[in-house]
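A.B. asks: Okay, here's what each chain looks like letter by letter:
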Amino acid sequence: MATLTVTQNFGKGAADLSVYKSLGGYSCLGPKLFDLSQFELIDLVTRSGLRGRGGAGFPTGMKWSFVPRNSPKPVYLVVNADEGEPGTFKDHVLMLEDPHRLIEGMIICGWALGVRSAYIYVRGEFLKAIETLNAALKQAYDAGLLGQNIQGSGYSLDIFVHRGAGAYICGEETALINSLEGYKGQPRLKPPFPAVSGAWASPTCVNNVETLMALPWILENGPAAYQALGTAKSGGTKVFSVSGDVKRPGVYEIPLGTPLLEFLNSPQWCQGVLGTLKGVIPGGSSAPVLTAEESAKANMDYESLASLKSMLGSGAVIAFNDTRSAVGMLASLTRFYAHESCGQCTPCREGTGFADRILKAVVRGEGRDGDLDTMLDLAANFSYTTICPLAIADAWPIENFIGKFRPEFDALLGSNAGHADPRVTSDFRPGAFW
Amino acid sequence: MSHCHTKVDQPHASEILPKLETPKVLSKVEELVRRYPVPKAALLPVLWIAQETLGWLPQEAIRWAAAKCKVSPVHAYGVSLFYTMYKKEPTGRFFVQICQNVSCHILGAEGIIAHAEETLGVSSHGGTTEDGLFTLLRVECLGACGNGPVLQINDDFATDAVDGELAMPEGVALTAERFDRIVAWCRKRASELPSEPARDALGGLFETHGHPGAVAASSEPQKQGYAPAPPALGLAATRTESGQVKLAWRAAPESSLLHLETRSGSKDFEVLATIPGKDKDWTGDLVAGTEIRIVAQSGDRRAKPSNVVKVEA
Numbered sequence: 000m001a002t003l004t005v006t007q008n009f010g011k012g013a014a015d016l017s018v019y020k021s022l023g024g025y026s027c028l029g030p031k032l033f034d035l036s037q038f039e040l041i042d043l044v045t046r047s048g049l050r051g052r053g054g055a056g057f058p059t060g061m062k063w064s065f066v067p068r069n070s071p072k073p074v075y076l077v078v079n080a081d082e083g084e085p086g087t088f089k090d091h092v093l094m095l096e097d098p099h100r101l102i103e104g105m106i107i108c109g110w111a112l113g114v115r116s117a118y119i120y121v122r123g124e125f126l127k128a129i130e131t132l133n134a135a136l137k138q139a140y141d142a143g144l145l146g147q148n149i150q151g152s153g154y155s156l157d158i159f160v161h162r163g164a165g166a167y168i169c170g171e172e173t174a175l176i177n178s179l180e181g182y183k184g185q186p187r188l189k190p191p192f193p194a195v196s197g198a199w200a201s202p203t204c205v206n207n208v209e210t211l212m213a214l215p216w217i218l219e220n221g222p223a224a225y226q227a228l229g230t231a232k233s234g235g236t237k238v239f240s241v242s243g244d245v246k247r248p249g250v251y252e253i254p255l256g257t258p259l260l261e262f263l264n265s266p267q268w269c270q271g272v273l274g275t276l277k278g279v280i281p282g283g284s285s286a287p288v289l290t291a292e293e294s295a296k297a298n299m300d301y302e303s304l305a306s307l308k309s310m311l312g313s314g315a316v317i318a319f320n321d322t323r324s325a326v327g328m329l330a331s332l333t334r335f336y337a338h339e340s341c342g343q344c345t346p347c348r349e350g351t352g353f354a355d356r357i358l359k360a361v362v363r364g365e366g367r368d369g370d371l372d373t374m375l376d377l378a379a380n381f382s383y384t385t386i387c388p389l390a391i392a393d394a395w396p397i398e399n400f401i402g403k404f405r406p407e408f409d410a411l412l413g414s415n416a417g418h419a420d421p422r423v424t425s426d427f428r429p430g431a432f433w
Numbered sequence: 000m001s002h003c004h005t006k007v008d009q010p011h012a013s014e015i016l017p018k019l020e021t022p023k024v025l026s027k028v029e030e031l032v033r034r035y036p037v038p039k040a041a042l043l044p045v046l047w048i049a050q051e052t053l054g055w056l057p058q059e060a061i062r063w064a065a066a067k068c069k070v071s072p073v074h075a076y077g078v079s080l081f082y083t084m085y086k087k088e089p090t091g092r093f094f095v096q097i098c099q100n101v102s103c104h105i106l107g108a109e110g111i112i113a114h115a116e117e118t119l120g121v122s123s124h125g126g127t128t129e130d131g132l133f134t135l136l137r138v139e140c141l142g143a144c145g146n147g148p149v150l151q152i153n154d155d156f157a158t159d160a161v162d163g164e165l166a167m168p169e170g171v172a173l174t175a176e177r178f179d180r181i182v183a184w185c186r187k188r189a190s191e192l193p194s195e196p197a198r199d200a201l202g203g204l205f206e207t208h209g210h211p212g213a214v215a216a217s218s219e220p221q222k223q224g225y226a227p228a229p230p231a232l233g234l235a236a237t238r239t240e241s242g243q244v245k246l247a248w249r250a251a252p253e254s255s256l257l258h259l260e261t262r263s264g265s266k267d268f269e270v271l272a273t274i275p276g277k278d279k280d281w282t283g284d285l286v287a288g289t290e291i292r293i294v295a296q297s298g299d300r301r302a303k304p305s306n307v308v309k310v311e312a
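Same order as they appear, the protein sequences are chains L and H. First residue of the first sequence: 0, per numbering that gives the first Met the number 0; consecutive thereafter. First residue of the second sequence: 0, per numbering that gives the first Met the number 0; consecutive thereafter.
Bear in mind the hints are in silico, worked out from the structure with no lab data behind them. Check before you lean on any hint, since a few could be wrong.
[What the hints assert, rightly or not] Cβ-to-Cβ under 8 Å is the rule here; a few derived chain H residues that face chain L: (1) Lys39; (2) Pro44; (3) Ala66; (4) Met84; (5) Thr207.
[To be verified] DEER-style ranges, computed between Cβ atoms: (6) H:Glu109 <-> L:Gly342: 24 to 34 Å; (7) L:Asn69 <-> H:Val161: 54 to 64 Å; (8) L:Asn69 <-> H:Leu192: 25 to 35 Å; (9) L:Asn69 <-> H:Thr5: 49 to 59 Å; (10) H:Gly233 <-> L:Asn148: 19 to 29 Å; (11) L:Gly342 <-> H:Asp179: 32 to 42 Å; (12) H:Pro22 <-> L:Gly274: 32 to 42 Å.
[Said to hold, decoys possible] In silico PhoX-like cross-links for lysine-lysine, where the CA-CA straight-line distance does not exceed 20 Å: (13) H:Lys6 <-> H:Lys86; (14) H:Lys245 <-> H:Lys309; (15) H:Lys39 <-> L:Lys183; (16) L:Lys183 <-> H:Lys87; (17) H:Lys309 <-> H:Lys277; (18) H:Lys69 <-> L:Lys183; (19) L:Lys31 <-> H:Lys303; (20) L:Lys20 <-> L:Lys31; (21) H:Lys39 <-> H:Lys6; (22) H:Lys39 <-> H:Lys69; (23) L:Lys183 <-> H:Lys86.
Ideal placement from N, C-alpha and C gives every residue a C-beta, glycine not left out.
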């Protein structure tokens, strides 16, 4: 059995404080934490090799080190629990099963950065998780684990839950900050980065739920032990949410560097693929898709997937078999990005809607020769021309699905009797907001 | 519901304000405004409270929320339009949202949606049944892909109705039969309960001290004691060969100044020396028996004192 660092309390009723404590929870809230200076704690997290588990995989220790120490303004910690990437559902389960581990991780992070107030931004659909978190926070306040002077250490921390209201883009850290401040969740131009000027123009650290939940284990067992669980460059374990054509979909924590097919076929984890594997989306809907041959070469860590020109992302593995239409999958993805474009930057607002409508025509059997090239042209033009990576997250699936499953698209185009007629693009309204 | 604006009959303010201006709602709003450094930030949760109370968000409720959060009505209206979960028109008692995104799509969400449209006899783009029980909507990823296809009834995930409860057991996906069972559960509930009991839209809001009062979104420095400066840690005193006392501590480079404070007998601590925050040791003459500690300072903020050491003979 592999060592678990985040999900070890699953199924044990750890949402209750007494159960969590009996499982060894909150043990670091004493000299173990409060005798560490900020400097030493950040260094410890850096040495553990922990990387942000929300999608970008940025080293956590380095992110923390960007937060200024001597700021006259308060430092805020904002937990990104706005889990909206299609295929991802790990944070939802983590918050339902082990909310106190998140609170403990937040206290550790708060001590490292000198945070006084922290907010957990939870996706609006997860009302049950918000109820669980609020109940856990209430217990922690009543037990003196939060609020003024935690456990007599002189350190004070308040944690509040903030319910989102349904916008995928709020998972982007600056959009999340705007949403927390009571604005539309539209991303901000960077720099300044949130670490310098984030929520209410104050230094702000935005971390994913899973990242913070790994901290209690790291403090308990030391950074070297955590680093040793994964590969040299990707330390530790990662929680993956598996969906699609596998026998046992669900949330699994595995050491980074595990081969993808071993993960999918292991009796301990997903127990095999239903049917013949056609491809895998390894890191949430924005990650470039892998064909079956590429999947055989892939290991589940940041570097291996990057070498295959894909990414680990949020750890959402979507496996699909040869009965699934790649065109239909891409159509559902482009529709999603057109729907979720926040409307701020023109290339994304106009381009994602345009790509969606062309692909819908193709799916209806009204495709024309040259439609695929138009899609690729659109993708090339709306990626890297916008404030946030949402447009890129749409461009990558378009480029990779068309590039890797082109015969399917061509067959569908060819089935239209009038496929050779030129496409009159002026018949299509651009834009996502129609 | 969608980005298209549809005309909705708006109730007059006199109809909805009595429901909103109740002690229960107002105490919740007060708590929410207290939790953020500026009232504007409470806008999203206050809109949630209004929607919880009224079932949807009429324009007058948005105006009310704007006043509570000290923002302009048009700002609040714009925000309410941006987020898809604020209902700008009334929905049926059971708001059925079926996920159509990629994981659910490959496992047959389109078939379920077609079945739902047929069963309920309404469009999946926000249609409401004539009896006002169901509103059907196809939505993007709900975040429960391991059970795909999934749906939400109001705020609860469901793939089945087991033993009179909505449920989403591990590995159980939605099928046409299970959808029918869920619909039957809803109809049975409608015949037993006259209306849906209210559910706290903020998941059990509890009273806190609120945000501790730093002035944010301005260039004013935070209040004293808002976030304490990091303390110097692990202070230790040793005698050097020349008889002087050497103090050493773990560096606190986050501090701008360090105050060395001494005490002998029953007197209070007094500042002996103030040195730069980057220093890691200090050597000087001290009488045996003197107690010494360090208070770090960062900007205007003073940290809690370090441990106290006694100079040995």
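A.B. asks: Any hints this thing doesn't respect? Which numbers, in order?
C.D. replies: 3, 8, 12, 17 and 21
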